[in-house]
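Line order of the protein sequences matches chains A and B. For our numbering, count along the first sequence from 1 and bump the result up by 1. For our numbering, count along the second sequence from 1 and bump the result up by 1.
Heads up, some of the hints might be wrong.
Each pair may be met inside one copy or between any two copies, as identical chains are not told apart.
Lysine-lysine pairs mimicking DSSO-like chemistry, simulated, CA-CA at most 30 Å apart [as the list claims (entries may be wrong)]:
no.	residue 1	residue 2
1	Lys-78	Lys-165
2	Lys-122	Lys-165
3	Lys-165	Lys-268
4	Lys-78	Lys-276
5	Lys-49	Lys-76
6	Lys-276	Lys-49
7	Lys-108	Lys-165
For the record, the hints were derived by calculation from the structure and aren't laboratory data. Keep in mind that this is a model prediction, so the values were computed, not measured.
There are 2 protein chains.
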Amino acid sequence: MLLSKSNLDDRADRLYDVMIVGGGAGGLSAGIYLQRFRLSSLIIDKGKARSFWMQELHNYLGLPPDTPGRVLLQKGKQHYDSLDGDFLNGFVESVIDEGDSFSVRVKVGRTNSIYPVFRAKYLIAASGIIDNLPPLEDMKNVYEYAGYNLHVCMVCDGYEMADKQCGFFAGSEASIEEMVFNLSWFTAYITIFTHGQFEVSEPLKTQLQEYGYRIVETPIEQFLGRNHQMTGVQLVDGTIFPLETGLISMGSTYHNAYLQEFNLDRKGGYLVTDKMGRTSHPRIFAIGDLKVGLNQAIVAAGDGALAATQIWRDLRVPRRWEVLASTT
Amino acid sequence: MLLSKSNLDDRADRLYDVMIVGGGAGGLSAGIYLQRFRLSSLIIDKGKARSFWMQELHNYLGLPPDTPGRVLLQKGKQHYDSLDGDFLNGFVESVIDEGDSFSVRVKVGRTNSIYPVFRAKYLIAASGIIDNLPPLEDMKNVYEYAGYNLHVCMVCDGYEMADKQCGFFAGSEASIEEMVFNLSWFTAYITIFTHGQFEVSEPLKTQLQEYGYRIVETPIEQFLGRNHQMTGVQLVDGTIFPLETGLISMGSTYHNAYLQEFNLDRKGGYLVTDKMGRTSHPRIFAIGDLKVGLNQAIVAAGDGALAATQIWRDLRVPRRWEVLASTT
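Taking the hints into account, I'd like the entire structure generated from these sequences.
Right, here's the structure in full:
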């Protein structure tokens, strides 16, 4: 059931088997599996999953390769709802471990907010990451192209950039080192933009020049283009660089503040889990982009199946063939 | 391109980056990712993936919950073909490691077979398993219901069996011990059929009786029902047991004979892999039902993405910005 301010009271005393933080591909897949395992679940979704921004999912088995990410999420929500899963638009503020269950405080509504508290035996952290974007004065100019031909994921969209004039929008020297030489597998026509936010060391500059890649350190004024197709970049000094595509690599924001007090094992910001998604806390699972792995919707969906199955294995108990009194 | 006897010569001298054995959910997902990584791939498919038999995939995020498994496979094949992946209906007979590449002998055609040999740098084993079915004199009687309301996967279809009169078709005492007490989470109305193929020990019999489950050791003559809906079982002595659903648990056949000579690490028949699907051989990956994990289509599809990405990481090299001679 879709919960809202008006019907929250129906759920006040309920102890859910599992609370899922995040209604993206991972969280929805977990929810579908949990409901089918006859466990009760509640998804708390703050909206705007990473896949929501993807205009076309090109590599999700079973969906046509021009399926918008939001369509995958819509279908998943319908599926989950058809299995009587509870879904609430809200933001998880804090999680307290009460021993056998968690108590979870949620902010509902941007204005006149209310702060209901829910309880659940298990927690699945599926709240993902969001990519940092170039900080321009007018961010609408960035949103106009991000997710279209201005990409944030090389694994997803390297193919779309093949042999095109590509702008690489870097957040740090490390992002250049880690990404540019791999990006060149798809296209070697790379112009790196630092937006004036950091220095590039001389050894790296030399190396980039040897490969013929260009570096632009003057800040960006705006992206150029129309109809969501970016065609170039204009710098603050007026210079224009024509481009056919772009890749933003400025780091990510991890949506996991509510887990801070648990001191879970991490590796480079990502949560460490076992093969089923269990973190170093036995009743907290992490799936999708929050965990060590590959940030892909199809992987997150598989993660959801694994975590849900392990929680079912933890919770299930055998039942007796009880003959109902009325039928004896 | 769909390869066949008539156009195989076009590929005779080609060294593929990756050969994928099996065109199920795992293999197709891997193929889609590989082609998008600008790597060349060939899928060899013997037909009849496990998901092909599933009449309804109820838990695959993004697909309506009544989608037949064969529709997922059809969509995946179209997607892979649109990316220029090569696909051949055939059976892999043997694989020889030549050091930097594998040489793979394939049987093509059931009659007038030919035996082409293909070469590839990497191998992805995605050929899966197939469930053993009750060995009746007339197997058509089994096929009539298998994949409809006579299920082979508790994780997939436990929900469909909820609180129904359920026949459990066991292949061994171990399958009873491992499955029945978990199946009862979904339905406690369990009648176990041994088909006269093995003895059930007294301690287990006592335990089953305590839970109220029935045991039938007389062999089965036939399943009863119509329009693919099984309604019961008739034994060889004429006794009829009405049922509403069933779960077959008679073990599986692993389609991995072609890997025999590699002595890969295994655990209970399943191949051991790292998180990206790499086996103990550095150029052989295993995904989906062949590896240790959870036998689910959505997990196999995620596995395909992981294996393909790791192989791309192994093979990719940086490229220089070369100005074409004609444009200077």
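Structure-based check of all given hints:
Proximity of Lys-78 and Lys-165 under a CA criterion of 30 Å is satisfied inter-copy only: 27 Å between copies versus 36 Å inside one chain copy. Taking the shortest Cα distances, Lys-122 and Lys-165 sit within 30 Å of each other only across copies (28 Å), while inside one copy they are farther apart (50 Å). Taking identical chains as interchangeable, the C-alpha atoms of Lys-165 and Lys-268 are never at most 30 Å apart, the minima being 34 Å within one chain and 46 Å between chains. In this assembly of identical chains, the alpha carbons of Lys-78 and Lys-276 lie at most 30 Å apart whether taken from the same copy (26 Å) or from different copies (29 Å).
For a Cα distance limit of 30 Å, the shortest separation of Lys-49 from Lys-76 qualifies both inside one copy, at 15 Å, and across copies, at 27 Å. Both within a single protomer and between protomers do Lys-276 and Lys-49 lie at most 30 Å apart by alpha-carbon distance, with minima of 27 Å and 28 Å respectively. For the identical chains of this complex, Lys-108 and Lys-165 are neighbours neither inside a copy (44 Å) nor across copies (41 Å), given an alpha-carbon limit of 30 Å.
Of the numbered hints listed earlier, those contradicted by the structure are 3, 7.
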